[in-house]
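Asker: Each chain, written out:
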Amino acid sequence: MSRYIATRAIRGANALVTEAEYMLAKALAEKGPDTPVAFPNTAYYLPVIYGMTGIAVQKLGDLKPVLRHARSLLHPLPAPRHWTPYLGETLDCGMATLLAAEAIEAIRFVYGLQPEPMPGFRLAGGTAFTSPDAGDGREATDGHLNGPIDDIQLRSWGIQLVDGRMPGFAAIVGCAKSNEVAVEIVRQLQRRNILTFLSGNVNGRSIIHQLIEEGVELGYDTYTVPFGTDTISAIYALGFATRSALTFGGLKPGQAREILLYNRERVFAFVLALGEVDDLKYAAAAGAINFGFPVIADTVIPEILPTGITRYEHVVSMPWNEIEGKDDREKAERLVQKCIEVRGVKVKVVDVPVPVPYGSAFEGEVVRKADMRVEFGGKYSRAFEYLRMVDMDEVVDGKVELVGPDFDHIPPQGHMDMGIVVEVAGRQMQKDFEPVLERQIHYFINGASGVQHIGQRDIAWIRISKAAADKGFRLEHLGKILHARFKNDFGAIVDKVQVTIYTDPEPFHYWLAKAREAYDYRNRRLADLTDEKVEEFYSCTLCQSFAPNHVCIVSPERLGLCGAYNWLDCKASFSINPTGPNQPIKLGRLLDPVKGYWEGTNEYARIGSHGAVEKVAMYSIMENPMTACGCFECIVMLIPEANGVMVVSREDPSMTPAGMTFSTLAGIAGGGLQTPGVMGVGKYYLLSPKFIAADGGFKRVVWMSSFLKETMVAELKAVAEREGDPDLIERIADERYVTTVDELLVWLEEHNHPALTMPPIF
Amino acid sequence: MPVEILKETWTGAVQIVTLGATPAEGGTRGRTVTVGGERTLPFLHFEAPMPHRPALAVEIKDRRPDDWSPVLLRAWGDVVDDPGAWAQAAAAAGADLILLALSLTDADGRPTTPAAAVAAVRKVLSACSLPLAVFGPGQADADNELLVAVAEATKGERLLLGICEDKNYRTIVATALANGHLVNARTPMDVNLAKQLNILITDMGMPLDRIIMDPTTGAVGYGFEYGYSVMERLRLAALQGDRMTQLPMLVTPGFEAWKTKEAKVGNGVPAAWGDWEARAINWETLTALGLLEAGADILVLRHPESVRRLRLAIEGLMKG
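Residue numbers (the numbering used here), protein chains in the order written: chain A, 52 to 813; chain B, 2 to 321.
The hints are simulated quantities; they were obtained by calculation from the structure and are not laboratory data.
Do not rely on the hints blindly, as some may be mistaken.
Stated by the list, open to error - Once the Cα atoms are required to be at most 30 Å apart in a straight line, the calculated DSSO-like pairs of lysine-lysine come out as:
#  : chain 1 : residue 1 : chain 2 : residue 2
1  : A       : Lys-741   : A       : Lys-646
2  : A       : Lys-430   : A       : Lys-420
3  : A       : Lys-228   : A       : Lys-450
4  : A       : Lys-397   : B       : Lys-168
5  : A       : Lys-522   : A       : Lys-430
6  : B       : Lys-168   : A       : Lys-450
7  : B       : Lys-168   : A       : Lys-303
8  : A       : Lys-584   : A       : Lys-565
9  : B       : Lys-168   : A       : Lys-538
10 : B       : Lys-156   : A       : Lys-110
11 : A       : Lys-666   : B       : Lys-8
12 : A       : Lys-531   : B       : Lys-168
13 : A       : Lys-399   : B       : Lys-168
14 : A       : Lys-420   : A       : Lys-517
15 : A       : Lys-584   : A       : Lys-666
16 : A       : Lys-228   : A       : Lys-397
17 : B       : Lys-156   : A       : Lys-303
18 : A       : Lys-399   : A       : Lys-450
19 : B       : Lys-262   : B       : Lys-62
20 : A       : Lys-430   : A       : Lys-531
21 : B       : Lys-260   : B       : Lys-168
22 : A       : Lys-377   : A       : Lys-531
23 : A       : Lys-482   : A       : Lys-741
Using the sequences and the hints given, assemble the complete structure.
Answerer: Here it is, written out as structure tokens:
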């Protein structure tokens with residue numbers, strides 16, 4: 052906490068409360084305590100006072116206890132020689148400032164000084180202060196600024212703020228460096244659908260003056276509302292926030308703490324202080340921080356970075372002349388992005404801006420050679436895709452850059468090298484999510500009609516059809532798709548997305564090498580990620596609609612039985628959707644490291660299966676094996692005569708030594724039933740060191756569908772070596788040679804399979 | 002030998018929810034309808050009494066429907082041209098509450114305007130004093146546009162607003178919160194999705210006593226078993242104490258049954274199918290009866306004869 056800020060905010064608060072007391076005393080003397088006091092067209096009295104204190108101010112006299120309360124919140128200035136934590140004092144003074152400011156505006160209404168007169172100004176839609184049939188002939192929206200927002204507009208905007216159509220609101224206080232800068236800042240906010248409230252001045256000049264001079268329309272219709280040209284009128288923004296909590300949060304007046312928390316959690320607002328920050332502005336800013344609204348200043352001021360009251364930083368300084376950017380527009384964009392980032396505002400991209408139809412209906416579409424305009428990757432060229440996480444300030448959200456030529460010069464049905472580098476930044480982003488997000492590129496790009504995407508990493512293969520190219524689809528559109536989809540689908544973890552597409556050979560090869568380093572790092576990271584190294588596994592209940600009592604427990608070394616969700620996927624899924632199907636399971640006490648029992652997993656198995664299953668052993672097929680829904684990639688089943696297990700893959704329709712085919716076996720393995728000796732698994736679990744580890748591990752596999760042997764040659768070879776028997780895979784029978792138990796036993800003898808000499812499996 | 006009746010004791014109970022508000026409560030309804038409160042599976046009175054009997058809602062439209070079976074249109078007659086008159090007829094047929102389903106377009110094919118939707122709702126409210134549910138056309142954007150206007154124009158009535166689903170729950174919940182209404186949380190036949198939507202809705206600050214869940218169903222012969230099983234599991238989870246599944250359930254057997262071929266088509270079907278009207282009504286009645294046993298708290302019906310039969314059935318079942 053900055054002592055400087057504390058000092059100035061406390062000083063500002065003391066001054067404003069004193070001013071309010073003086074004004075109230077004068078008004079009481081001149082107008083009398085029974086003079087009605089109200090903001091126009093609201094059922095919430097003076098909303099901040101009503102929300103924070105529960106006092107429904109209806110006449111001047113009612114303001115007396117309010118100001119008494121405000122004064123009681125004031126603290127003395129911090130002593131110059133002693134360092135104490137000032138945050139609490141500063142926040143109290145901030146609250147006192149808000150109460151005083153609202154009282155002052157109410158008194159000004161009594162004197163007809165609010166809404167603030169502004170001769171010649173016409174609001175583009177605003178609060179009606181005179182009834183249309185009052186007969187004075189004057190347009191209700193002429194000749195004055197808006198003042199407070201009325202309840203009707205509050206409802207209309209409030210719903211949009213709550214349902215996310217409007218990402219949040221900005222309270223701008225002060226005066227921009229120039230008229231042009233003022234316009235750019237407001238445009239940047241409007242472009243993102245952020246509601247903007249204007250107030251305050253620097254030496255008499257307000258951003259409101261600047262925008263009026265530039266002919267910018269202000270009012271409800273343009274989502275840019277001029278409150279007043281002094282700092283005190285910024286109180287209307289907090290009145291709006293308070294009423295949002297009362298209206299949409301189901302909260303009651305006087306529930307101060309709940310109202311403030313509601314705003315912190317759900318109302319994505321921030322204060323943008325333009326120009327010099329004086330005592331009163333510091334005091335008002337301290338008031339805004341109570342609501343969880345951070346303050347971003349375009350001047351040099353001390354920062355309050357540690358988080359606590361707001362979600363991220365409290366006060367951030369971003370001096371205008373130090374912002375990177377070639378012109379005002381770029382600087383304004385960066386400033387607004389910083390505001391969005393500090394508050395954690397989530398801005399959605401409504402449409403995917405490409406010249407071809409876009410939607411999941413096109414995902415399976417194939418572009419045949421004859422219809423193809425150009426391809427990247429495949430036989431004749433190379434394509435790669437690489438998504439990496441970088442720091443917030445290294446990404447310009449929405450930027451799409453093509454480095455090198457587009458494909459116009461390539462002859463029809465030709466090919467070229469191309470690399471897609473996606474850089475993302477987000478407060479909730481983790482390096483572990485990189486591969487999870489990168490895999491989405493496949494689905495996102497496939498959504499465009501006339502574009503086909505196959506593969507991943509450096510074996511990606513993209514085709515663009517003639518039809519798509521004729522409609523104007525070019526390489527930059529790949530970037531636009533990725534930006535829009537990542538922001539929309541993964542907005543919970545990704546705040547900024549920038550895409551660079553490389554066709555120029557030199558950077559292409561540079562980035563390809565970097566991507567390969569990353570792929571390699573991820574492979575090692577995944578190999579290194581063991582069950583012992585984490586404190587939680589994840590549940591997966593995606594399939595409970597089919598198998599009501601089945602629960603998958605996904606650990607780093609045991610992926611989901613469908614093969615589609617590994618531990619990292621579940622972790623990312625939980626970050627994106629905290630109420631979704633993947634929930635963390637705290638492991639708690641380890642009960643049996645060999646069979647894989649933890650207190651947490653057992654408890655979850657009981658709850659998740661609705662009592663159908665009491666316990667689950669993570670590493671055993673013989674005792675409390677994990678249940679299955681029906682979408683397993685493989686079935687593992689005990690062959691008692693062989694002292695081992697067989698593994699049948701879904702792709703294998705042939706007869707197995709168990710006397711049943713896959714489809715018959717699936718009936719036994721699925722449905723959420725716990726059957727010792729039978730288990731449905733994902734095929735990569737076969738490769739895990741934890742694969743039925745309690746029962747002897749991979750060496751127990753006596754028979755395996757040839758499909759698995761063929762599609763996982765290299766992986767299985769590595770397992771064989773890990774198990775200390777490089778020829779192990781050749782010792783395992785498959786359906787080409789063995790379809791009965793008798794044949795199996797002969798095979799095992801002939802091939803000297805280790806299972807025959809292992810201890811009895813049960 | 003005396004037979005001992007085993008009794009199951011559950012720890013959880015279904016949430017009690019009241020629809021509609023009387024003038025004393027800030028609305029204009031003549032009476033309210035309260036559902037929920039069950040402490041055991043449906044109608045097992047020997048285990049725990051059922052404090053509120055299941056309610057019957059009659060579905061009406063804001064204008065003459067384009068796609069309803071002639072059997073239904075015949076049964077209601079001319080009132081289908083006027084939502085107010087239709088609501089009165091539905092009340093006379095024995096409805097506990099009215100469900101007004103807004104059409105996507107007007108009779109000329111133009112999109113229904115918020116003003117027209119509000120006018121239809123006002124007509125029903127002034128013609129009939131039963132509690133009211135208002136459902137949008139079922140397309141998220143249209144639902145948002147129409148229901149927000151309706152919610153604001155009827156503040157304090159404790160209407161049940163639907164369809165509040167995954168795609169648009171934020172808007173519907175926000176307007177229900179701001180205007181003192183209830184929401185009908187609909188999910189497509191899935192326990193976890195139902196539970197998740199309830200979590201999301203309560204997370205926005207909506208109190209549990211203002212949410213009805215709609216797990217959706219199919220008509221007999223059209224996926225009914227699947228819906229039944231989902232409802233049964235939701236109710237079992239509720240009784241076991243899972244707070245987020247403890248909401249009363251609304252289902253729409255009328256809508257489901259009357260879109261089946263058996264109910265909709267009278268000509269060119271096998272003679273063995275028998276009389277069209279009798280068959281169609283039986284289809285609706287049997288679907289609804291099954292759902293009652295699955296734990297439905299509000300049944301939305303379409304034919305007046307089905308309402309009569311279900312009322313008899315509920316009276317019988319409530320006697321134990």
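Asker: Evaluate each hint against the coordinates.
Answerer: Hints, verified against the model:
Distance restraint check for Lys-741 (chain A) and Lys-646 (chain A): the Cα-Cα separation of roughly 10 Å lies within the 30 Å cut-off, and the hinted pair is therefore satisfied. The straight-line distance between the Cα atoms of Lys-430 (chain A) and Lys-420 (chain A) is roughly 12 Å, inside the 30 Å bound, and the hint therefore holds. Annotation: proposed proximity of Lys-228 (chain A) to Lys-450 (chain A) holds, straight-line Cα distance about 26 Å (limit 30 Å). Taking the CA atoms of Lys-397 (chain A) and Lys-168 (chain B), the gap is near 17 Å; set against the 30 Å cutoff, the hint holds.
Of the supplied pair hints, the one linking Lys-522 (chain A) and Lys-430 (chain A) holds, its CA atoms being roughly 26 Å apart against a limit of 30 Å. For the hint linking Lys-168 (chain B) to Lys-450 (chain A), the alpha-carbon distance of about 29 Å falls within 30 Å, and the restraint holds. As the CA atoms of Lys-168 (chain B) and Lys-303 (chain A) are separated by approximately 29 Å, the hinted pair is consistent with the 30 Å bound. Between Lys-584 (chain A) and Lys-565 (chain A), the direct Cα distance comes to roughly 28 Å. Compliance with the 30 Å bound is thereby established for this hinted pair.
Taken as a hint, the Lys-168 (chain B) and Lys-538 (chain A) pair is honoured in the structure, with Cα atoms around 17 Å apart against an allowance of 30 Å. Distance restraint check for Lys-156 (chain B) and Lys-110 (chain A): the Cα-Cα separation of roughly 27 Å lies within the 30 Å cut-off, and the hinted pair is therefore satisfied. At most 30 Å may separate the alpha-carbon atoms for a hinted pair to count; Lys-666 (chain A) and Lys-8 (chain B) meet this at roughly 27 Å. With a C-alpha separation of about 24 Å, the suggested pair Lys-531 (chain A) and Lys-168 (chain B) falls inside the 30 Å cut-off, and the hint holds.
Under the criterion of a C-alpha separation no larger than 30 Å, the hint pairing Lys-399 (chain A) with Lys-168 (chain B) is consistent with the structure, at around 15 Å. Among the hinted pairs, Lys-420 (chain A) with Lys-517 (chain A) is consistent with the structure: their alpha-carbon atoms are about 10 Å apart, no more than 30 Å. Straight-line distance between C-alpha atoms of Lys-584 (chain A) and Lys-666 (chain A) comes to about 22 Å, which keeps the hinted pair within the 30 Å bound. For the proposed pair Lys-228 (chain A) and Lys-397 (chain A), the alpha carbon gap of about 27 Å is at most 30 Å, so the pair holds.
Annotation: proposed proximity of Lys-156 (chain B) to Lys-303 (chain A) holds, straight-line Cα distance about 17 Å (limit 30 Å). With a C-alpha separation of about 15 Å, the suggested pair Lys-399 (chain A) and Lys-450 (chain A) falls inside the 30 Å cut-off, and the hint holds. This hinted pair checks out: Lys-262 (chain B) and Lys-62 (chain B) have alpha carbons roughly 21 Å apart, not beyond 30 Å. At roughly 27 Å between alpha-carbon atoms, Lys-430 (chain A) and Lys-531 (chain A) fall within 30 Å of each other, so this suggested pair holds.
Distance hint between Lys-260 (chain B) and Lys-168 (chain B) is fulfilled; the C-alpha atoms sit about 24 Å from each other, no more than 30 Å. Between the alpha carbons of Lys-377 (chain A) and Lys-531 (chain A) the distance comes to roughly 23 Å, so the proposed pair stays at or under 30 Å and holds. Only pairs whose Cα atoms come within 30 Å are accepted, and Lys-482 (chain A) paired with Lys-741 (chain A) is accepted, the gap being roughly 25 Å.
Of the numbered hints listed earlier, not one is contradicted by the structure.
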